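Given next are the chains, with one letter for each unit.
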Amino acid sequence: MQLILILPLIVALVAFFMPNKLVKEFSLAFSGSFFLLSLYVLFKYDPLNYYNFIYYNETFLVGTGGSLHIGLDSIGVMMFALTNFVIFYVNIMAWEKTYTRSFYGCVFLMQFALIGVFASLNAILFYFFWELALLPIYYIVYKWGNGKELNKTFVRFFIYTFVGSLFILAAFILFAVETKSGSFEITEMAKNSLTGKTQILYTIFLLIGFGVKIPIFPLHSWQPSTYRKAPAEGTVLLSGIMLKMGLFGLLRWLVPFQDDALPIIQKVVIILAIIGTVYGAIIALRRNDLKLIAAFSSLSHVGLITAGIFAYKFVGFQGVAFQMLVHGINIVGILYIFDIIERSTGTRYLSDLGGISSKSPLFSALTLIIIIGTIAVTPLTNGFPGEFLLLMSVFLYNPILGILAGSTIILGAAYLLRVYQRAFMGEVSEHVSNFKAVSAFDLTALGFIALLVLVLGIYPQFILDISANGSQYLTNLLELKNN
Amino acid sequence: MILAKILILSPIVGFLINLILGKKLGKASGILGTVAVLISFICAIFMYQKVVSDGAYEVPFFTWMHISTLHIGFSLWVDELSSWMMLIITGIGTLIHLYSIGYMSHDKGIGRFFAYLNLFIFSMLMLVLGGNFIMLFVGWEGVGLCSYLLIGFWFKNVEYGHAARKAFIMNRIGDLGLLMGLFLCIQNFGTINFNEINSIAAGDLALKASGQLGLYQPYIYTAITLCLFIGAMGKSAQIPLYTWLPDAMAGPTPVSALIHAATMVTAGIYLVVRNAALFELAPFTLNTILVIGMATSILGAMIGLFQNDIKKVLAYSTVSQLGLMFVALGVGAYTSAMFHLTTHAFFKALLFLGAGSVIHAMSGEQDILRMGGLRNKIKLTHLTFAIGTLAIIGAPFMSGFFSKDEILEKLYNHSPVVWGFALASAAITIIYMVRVYTLTFWGKFRGSQEQESHLHESPSSMTLPLIILAIFSIFGGLFNLPHILGGGLSQKMAYWLSNINSLKVLPPHTSHLSHSTEIMLMLIATAVVLVLGSFAFLKFKKQTNDQLVKPRFGFSLWGEKKFYVDELYHNLVVKPMESMSDFCFYYVEHYFIQPIVFGSTRLFYGVGQLLRTAQNGNIEYYLAYIAVAVVIILTSILFVF
Numbered sequence: 002m003q004l005i006l007i008l009p010l011i012v013a014l015v016a017f018f019m020p021n022k023l024v025k026e027f028s029l030a031f032s033g034s035f036f037l038l039s040l041y042v043l044f045k046y047d048p049l050n051y052y053n054f055i056y057y058n059e060t061f062l063v064g065t066g067g068s069l070h071i072g073l074d075s076i077g078v079m080m081f082a083l084t085n086f087v088i089f090y091v092n093i094m095a096w097e098k099t100y101t102r103s104f105y106g107c108v109f110l111m112q113f114a115l116i117g118v119f120a121s122l123n124a125i126l127f128y129f130f131w132e133l134a135l136l137p138i139y140y141i142v143y144k145w146g147n148g149k150e151l152n153k154t155f156v157r158f159f160i161y162t163f164v165g166s167l168f169i170l171a172a173f174i175l176f177a178v179e180t181k182s183g184s185f186e187i188t189e190m191a192k193n194s195l196t197g198k199t200q201i202l203y204t205i206f207l208l209i210g211f212g213v214k215i216p217i218f219p220l221h222s223w224q225p226s227t228y229r230k231a232p233a234e235g236t237v238l239l240s241g242i243m244l245k246m247g248l249f250g251l252l253r254w255l256v257p258f259q260d261d262a263l264p265i266i267q268k269v270v271i272i273l274a275i276i277g278t279v280y281g282a283i284i285a286l287r288r289n290d291l292k293l294i295a296a297f298s299s300l301s302h303v304g305l306i307t308a309g310i311f312a313y314k315f316v317g318f319q320g321v322a323f324q325m326l327v328h329g330i331n332i333v334g335i336l337y338i339f340d341i342i343e344r345s346t347g348t349r350y351l352s353d354l355g356g357i358s359s360k361s362p363l364f365s366a367l368t369l370i371i372i373i374g375t376i377a378v379t380p381l382t383n384g385f386p387g388e389f390l391l392l393m394s395v396f397l398y399n400p401i402l403g404i405l406a407g408s409t410i411i412l413g414a415a416y417l418l419r420v421y422q423r424a425f426m427g428e429v430s431e432h433v434s435n436f437k438a439v440s441a442f443d444l445t446a447l448g449f450i451a452l453l454v455l456v457l458g459i460y461p462q463f464i465l466d467i468s469a470n471g472s473q474y475l476t477n478l479l480e481l482k483n484n
Numbered sequence: 094m095i096l097a098k099i100l101i102l103s104p105i106v107g108f109l110i111n112l113i114l115g116k117k118l119g120k121a122s123g124i125l126g127t128v129a130v131l132i133s134f135i136c137a138i139f140m141y142q143k144v145v146s147d148g149a150y151e152v153p154f155f156t157w158m159h160i161s162t163l164h165i166g167f168s169l170w171v172d173e174l175s176s177w178m179m180l181i182i183t184g185i186g187t188l189i190h191l192y193s194i195g196y197m198s199h200d201k202g203i204g205r206f207f208a209y210l211n212l213f214i215f216s217m218l219m220l221v222l223g224g225n226f227i228m229l230f231v232g233w234e235g236v237g238l239c240s241y242l243l244i245g246f247w248f249k250n251v252e253y254g255h256a257a258r259k260a261f262i263m264n265r266i267g268d269l270g271l272l273m274g275l276f277l278c279i280q281n282f283g284t285i286n287f288n289e290i291n292s293i294a295a296g297d298l299a300l301k302a303s304g305q306l307g308l309y310q311p312y313i314y315t316a317i318t319l320c321l322f323i324g325a326m327g328k329s330a331q332i333p334l335y336t337w338l339p340d341a342m343a344g345p346t347p348v349s350a351l352i353h354a355a356t357m358v359t360a361g362i363y364l365v366v367r368n369a370a371l372f373e374l375a376p377f378t379l380n381t382i383l384v385i386g387m388a389t390s391i392l393g394a395m396i397g398l399f400q401n402d403i404k405k406v407l408a409y410s411t412v413s414q415l416g417l418m419f420v421a422l423g424v425g426a427y428t429s430a431m432f433h434l435t436t437h438a439f440f441k442a443l444l445f446l447g448a449g450s451v452i453h454a455m456s457g458e459q460d461i462l463r464m465g466g467l468r469n470k471i472k473l474t475h476l477t478f479a480i481g482t483l484a485i486i487g488a489p490f491m492s493g494f495f496s497k498d499e500i501l502e503k504l505y506n507h508s509p510v511v512w513g514f515a516l517a518s519a520a521i522t523i524i525y526m527v528r529v530y531t532l533t534f535w536g537k538f539r540g541s542q543e544q545e546s547h548l549h550e551s552p553s554s555m556t557l558p559l560i561i562l563a564i565f566s567i568f569g570g571l572f573n574l575p576h577i578l579g580g581g582l583s584q585k586m587a588y589w590l591s592n593i594n595s596l597k598v599l600p601p602h603t604s605h606l607s608h609s610t611e612i613m614l615m616l617i618a619t620a621v622v623l624v625l626g627s628f629a630f631l632k633f634k635k636q637t638n639d640q641l642v643k644p645r646f647g648f649s650l651w652g653e654k655k656f657y658v659d660e661l662y663h664n665l666v667v668k669p670m671e672s673m674s675d676f677c678f679y680y681v682e683h684y685f686i687q688p689i690v691f692g693s694t695r696l697f698y699g700v701g702q703l704l705r706t707a708q709n710g711n712i713e714y715y716l717a718y719i720a721v722a723v724v725i726i727l728t729s730i731l732f733v734f
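Going down the list, the sequences are from chains A and B.
Here the working numbering runs 1 ahead of the position in the first sequence, where the first position is 1.
Here the working numbering runs 93 ahead of the position in the second sequence, where the first position is 1.
Calculated directly from the structure, the hints in this document are not laboratory data.
Zero decoy hints are in this set.
To be clear about the criterion: a stretch of chain B counts as covered by chain A if any three or more of its residues have a C-beta under 8 Å from a C-beta of chain A, and this derived list gives those stretches:
{"no.": "1", "segment": "238-251"}
{"no.": "2", "segment": "264-275"}
Capping the alpha-carbon separation at 25 Å, the derived lysine-lysine pairs in PhoX-like fashion look like this:
{"no.": "3", "chain 1": "B", "residue 1": "K643", "chain 2": "B", "residue 2": "K632"}
{"no.": "4", "chain 1": "B", "residue 1": "K668", "chain 2": "B", "residue 2": "K654"}
{"no.": "5", "chain 1": "A", "residue 1": "K98", "chain 2": "A", "residue 2": "K360"}
Note that the structure is a prediction, hence the values are computed from the model and not measured.
Backbone N, C-alpha and C define an ideal beta-carbon position, used for all residues, glycine too.
Pulled out of the complex, with its shape left as it was, chain B reads as follows:
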């Protein structure tokens, strides 16, 4: 219990101290912020062990709101899922805090930066540990707010401010969905507690399995889960609410790594897994998730193919990978999605931090067309970035290989067509990641001379996290090895996570792939990686400067312009909204609302004239006389009677 309290409060204390004393602390604020998260990480390890030995438990704090039958407790629910997420958040969080000490050392606002970062860790912990929907919502909005503050961290830049606001508002659209889902739960189930909702859903699942009708109509589950999924779409950047994430790269790079790659954007996946039993009762929603996830995965990858900003490529890659996780959720492979979430957290954080190190070395340059040949200048960054690239493209025996393979396997089991699409998305991923890697680290240096003279490896506070994340990116697959590799580690994480309330009650999967099919799928995936990977590497390595800067046309121009989705939204949503605002103000107010008054104004015009002539400075005495009269009447009543 005390551990949970320290876990939650430590980042809050760090936040408060950094916020109030940030200016005076200077660089010490970075150390303070990092230690605060490290303490949480240590608590998280102990709490994880307690879950391993004793199972899930609840940590109540206090009653937050109590409205008739609805009891909203400020309480935490520590189970396999939340402790797993907690380890990722605080573990990767600590590394990214450490990295930020070096990365932000020249920034005047370092205290504010670490304050926001600590507040984010707190909110994210609330999100995954909350025992009911409201607590989740607290964290959900909290991370959104921190994301807003950190994207707009360099507030003097107007563009960054726009990006921050866009992220917040787009997330709010999702939040409305989540809120409506929450109201539907209250309306139908009368509770917002995850465990209670789960047991209701479990009851209906059991009834359904025995061929009976459930207690609740199927459409109720469909409505609730669709609403929840809209929430997930916003936070996890799925079509149509994904355009904020690439813009969010305006924030400092560690923020992109922590919030917009490893943790916050996976909240949507967490939400679905947490309520898997509900989703299992709504096949329509699962199919919707499958389709949207697949479309996002492919669209994100395709746009990533044509971007030249190193962070933008990684951002679209995140959109695409999240799409893949949703595809896994759509076929009911909840633990596979969690597995990919975990490995993705490692290698995507690694890639972003590596990109940050590159940008640091290049004096702020983000355009890969102006990089090249960096492998000899920043060796450690190069090595770790290469590992990250290998992991994300699913090179054999890297962490991404196992997690992606597991999803592909489940998809093949569901339908070979779905598997084909996912494989296509994975293939595009290989090309754009190899492109970024090759253009950045191979070939000739294409930047300015000044940039070249400044090239330097980052300080050890920045390279240490890179090394640690690289190790996890290589060996992260060990958490959950496929069946065929057998041994004690096989499917360990999947078995473990299946203990949570929402997954425990799901009907067991009936069909399994045969070992030979599994091996065949694995071989196909491996072949695709090797062939496409080496092909892309050789192609991009040979590209000359002229070829690179050649203006694009046709489809690739579309890709570079992000298929004009932003412009589409601007013309379809933003502009009409603005016109509507002006229309209401200048026309509706004037021609519809005003006449109601003017009608009466004319009626009482005489009254108005009278009043105008009466205004000669005597009113204040008039008012005073009224006050006197009132006080006399009142006191006489009080004392005489």
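One chain only, chain A, in its complex shape:
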């Protein structure tokens, strides 16, 4: 079963050297199969068997602390499935476009690296995959991005994320040096704990490193411009799955090593995260560019997830796990919709849009479902369980912060319904008047996302059962450390 983790790399290699004519079909078929395979893994997940059947441990490069130690635990297996989902949808979105083989190669290379990130149980291995995951996205943004000042945007994005990664590496080395264990194994690392200044340094380094990727306010300035200029597929990758690397990194490499010594850092991060939540939502209220709205909406949603992590509560971790998955699904849906609008009308500015409902009722119905799922805390959609638990965890941490964070349920409704109203309702605008019909292919793909919105909303327990193990593990660890 461990081969599942290697397969994307092989596919990437094949894609890199394939004729451009066939690569599209080839990629769609393989990414689709990977997605189905990951669903199988998800359904077969046995909560009692912690690392499940995907587990491998082999030491290499003896003496440097490197080892090939991989395993998918409960939250990891969900992220594994999400990775495959997002990659599948990137291929679906690319279907109507003309990308060359290197695009598809990059996408699969990224899939491989992402799975590595979610499965690594060794810090150095994790860092290796983390860096590997960044290379393809640099290339995709640079090669297929568009808009003015792409260079500037790209350099900013590159430096920001690159420097961020260096902080992560520094943190890991610091850990190994300070504890004198010389091991990067998570199992070994968990036995030691840092103290005093070293612990503060380790925490801050990781917060910066992961915080850039998530992004945590105020480290987000690379995000809006990159989202705008990256191709739609690049934005999907960044927002659908890459930011989860950061959140997942916090859960795996930061939270287990925390104890009561750092309540101030905890408080500061939660406050920053909630500022980001409200700040992102407020900015999204008035933006004209759909992709900017997606960027700030993303900032707002992940802010709440970050706050949920640092509330250090079981309900919070459950909410984090659920919402990481759901945000991945829904933001892919939203960006996909925006991409369809841009393809069909040639514009993605709200002021140019209007009346799409009259042109394509089915498309707008599916859009409405996905938008309602994205508006926080609407019951019976997948947006409910995660955000409800997150808000609850923040509220239990501090009621005032809970109320502040809760304001997103108002702001979220305001900016998302504004998008729907401006673009879909009202009279048909000039740009929309020659709206190209949405293909059955796109409608089916969107329909599946809409279905996920409803199914996960009506029966969330399936996912909550999977993540319960990981959340319980983290909660127990924290309790153990604090007593």
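Given the structure of chain A, go ahead and fit chain B onto it with the hints provided.
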């Protein structure tokens, strides 16, 4: 059990079929939607009878969420209160569905309309039947969503879209309150189940009655109930969150009747009654409810006095009547509020449907200044509208008379001052309702000739619901006759509803009014209705066209402009929010957030230069080489070791 499942699922099935096949079904979708709700109504009757004979019972479906100690079951709680609400929702729901078949027959989106309407019935049933706060919240958000969809039903009109969004967002403000109340319950009581919360509150009530301290601090109850009341304010359109309701009249008229008069807007009342034991432990909240309810009641009535759109008048009237119900809740008269909720559901639905019939006859005209003299043209509509008017103003022996009288009585018992205010609100109600009625049906016709030639009575699918609702508007008072009228029916509904868990545990009211005071109050109310009613009728009947269209000034201009509350909100909330959004985007991002990056950008400027020169198309090979290297290393590790 099976009945409960059919009750819940029937509207959902109707929703799905209408949503998917709506276009093909055409007019049949209306019949399908109506039958779906009728089936629910029949189930509701049987379930009601089961409650009468066996008492309350729970219907579990499945475990929705299970997070450590918090168990959220998808389950229904059928007791006196929920079955009563269920009868109102499905009963009036069926009539309004039937009415809509005729009303919407010319609309292309009829399938979509009935789909949303059925979804609304489902959500509303969830709201009143849910056995815990989360289930209530499911229904609560569901009805809000349906309300959004139906207000913006004619989506091509930009104004309607705005109204829909405004309703949704204002409701969301209330929802935040409700959510916080729910979190407080979890934090303090560790449960969200209504019955468990009630028994906790009952325990504290008993301790309090015996002069001891409760298990929980009083401020906890105050905080929880205030949060819940904020939720109620949003949904039931109380100050300061009432401005969405008049705008919501953009939706088709049956929607206004069902959602924005008879059912959804009463959810706030239901919420308070459901948790009456909690509210009883928080006197501060009860006083707040009393004050806000009274202010809303009077403000709504005053604005209603100066409006010319027939639906807007009725909308402000709803705001005002809901305020009156909250006043009743504020003095602890929970069953009186429920009684008024019931009669109000009848006569307000009747009035809205009557207004719809008028609008239908007038080819879409809603301005009462352009109506007049319709009583001979649409006789049945006129008759039923007159009955509705008599009921709402509390003419003797109509349903509204008894329910309003009961509230006034309880208020007098609480404090004559409160009674005085409520009577004033009722007096204004008499004037504006008689005004609407008279200007619409009496005097000369003031519309265009074309409109006059099209005047016609509505089809029987529309008039039948009017007749049935009119009958209930007359005799609805029989559910709960006052003490002095005695007999087997006296206070029947109040006794019956008092069986629910939250009301059962309340301490019995100690003071009662004497019979002579009761009769005196009743006589005063009757006198006010007769004097003011006939005075207003004669005044408005005589008004000429010139008098009517004369521009207003001073106070009445203020009233016509709704006291500029919308403008106030726009300048105090919406505009600052928008400026803030732009400020954050153009200034904070630029001058505060960007420098963090640019600092590092300059630092690594050389790196950037290097990278730019490296971009010459070879990167894809570079990436491929990395992939090759990785695969070689990994496979060697896998197979060699």
